[in-house]
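Undergrad: Now for the letters of each chain:
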Amino acid sequence: MTDMDTYYNPADLDKFGEIGKDAPDLARKFFDYYGAVFADGALTVREKALVALGVAHAVQCPYCIDAYTRSCLENGSNLEEMTETVHVANAIRGGASLVHGVQMRKIAEKISL
Amino acid sequence: MPEELRKKIIEAGIEPFEQTLIRNELALTRDRTHTLQVNVGLVCDLSCRHCHLEAGPARAEIMTGETMDAVVGYASRVRFDTIDITGGAPELVPGIATLLQRLAPLTGKLIVRTNLVALEREEARGLMQLYHDLRVTIAASLPSTNASQADSQRGSGVWEKSLDVLRKLNGLGYGVPGSGLELDLVANPAGAFLPAEQIQAENKYKRDLQKSGIVFSSLFAFANMPLGRFRGWLERSGNLEGYLHTLAGRFNPAVVCGLMCRSLISVSWDGYLYDCDFNQAAGLNHGAVRRHVSEMMAIPEIGTPIATGDHCYACTAGSGFT
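Residue numbers (our numbering), protein chains in the order written: chain A, 1386 to 1498; chain B, 5 to 326.
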């Protein structure tokens, strides 16, 4: 299998830094910001990794799911907490769809007898 | 065995451990030895999937009374600040109670490691009370505060039994602030990933176990060694190369000076000397010669080189094995 046989290759995660080629200033600003976001702050590194895991599922990014599953485990979260986090992402994604049902009902009401 | 791991390291394009030390202008040599670690046998009632010594119920390697005499002799000739008894499951080794009674007066701190569930076995009857009476420090393995992760490493049902034993130890005063009875937990990750930073992990364990009414003194979080049964699992699961990259990629030169092997001498079940318990599994003798504890008249000299292999990356990753 060649490198291009699949859009998502786990080994490509390690090549993220190469995104700086041809636009190094923008990449540096992004990675500096990224590092600052995930540093210990009002939220712990462990809590931030759980948030990132939830968002990774919401945006369905395989690289992010891989990276933040490992990060959560290495920061001491357990599978119960990580699974609950995915449910939170799922609830918001599902809820976001469902709450738009209000729009559907309003429109239907407006154009119905 | 170290040769096989070296082959994998080279295939994975990872720098051998010794070269990493040289590139960082570091040498791994002995400091003052203050701890005697004694592995009393490989027999264990569990067959944990991360065990670097591949301990288990079928292992027959157990320290004899004669070797125990030699260990006591060494501890009498040399005053060790700490004596650390490990296994296998020390509880299952005949003569363990007498060995502890003989060693306790010879050291400032006597530690016994336990998988917890072995303390409930018939062979271990009376040991908890003996530990209490000798003021032994207990170092108990608990890989996770999650039942499924703990059981996946140690075996089905081990989590619940472990909690029961922890409650009994708490009942004796172990881990209770002010009791002077130290109950430490040892956490190895339940997989091919590094442990959480120690203080962070300790705080979380305390919070989680508090919900089950359990208290303890301190938590020590260590990376799994790519040796023995864990190494086999890494290979079969396709995780070996990635794990070796993780360990080598997190090499932390700052922890080398504080590594445990610099101040500890390890005795195997048959009485031979190693720089650490992991080197027992790797077959790397202390001082590059096969020397018996009965021959030891003093502590190893400061500056003596420590035998190393690529598994040493597991002790130098992140916060390190200090």
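Certain hints may be false.
To be verified - What follows is a list of derived Cβ distance ranges for each label pair:
1) A:Ala1424 with B:Pro98: 38 to 46 Å
2) B:Val259 with A:Ala1424: 18 to 26 Å
3) A:Asp1397 with B:Gly99: 50 to 58 Å
These are calculated hints, taken from the structure and not from any lab test.
Only a predicted model underlies this, so the values are computations on that prediction, with no experimental measurement involved.
Each residue gets a CB set at the ideal place from its N, CA and C atoms; glycine is no exception.
Undergrad: Would you mind marking each hint as holding or not holding in the structure?
TA: Evaluation of the provided hints:
Distance hint for Ala1424 of chain A and Pro98 of chain B: a CB-CB separation of about 53 Å, inconsistent with the stated range 38 to 46 Å. The hinted window of 18 to 26 Å between Val259 of chain B and Ala1424 of chain A holds, with their beta carbons roughly 21 Å apart. Between Asp1397 of chain A and Gly99 of chain B the beta carbons are some 57 Å apart, a value that agrees with the proposed interval 50 to 58 Å.
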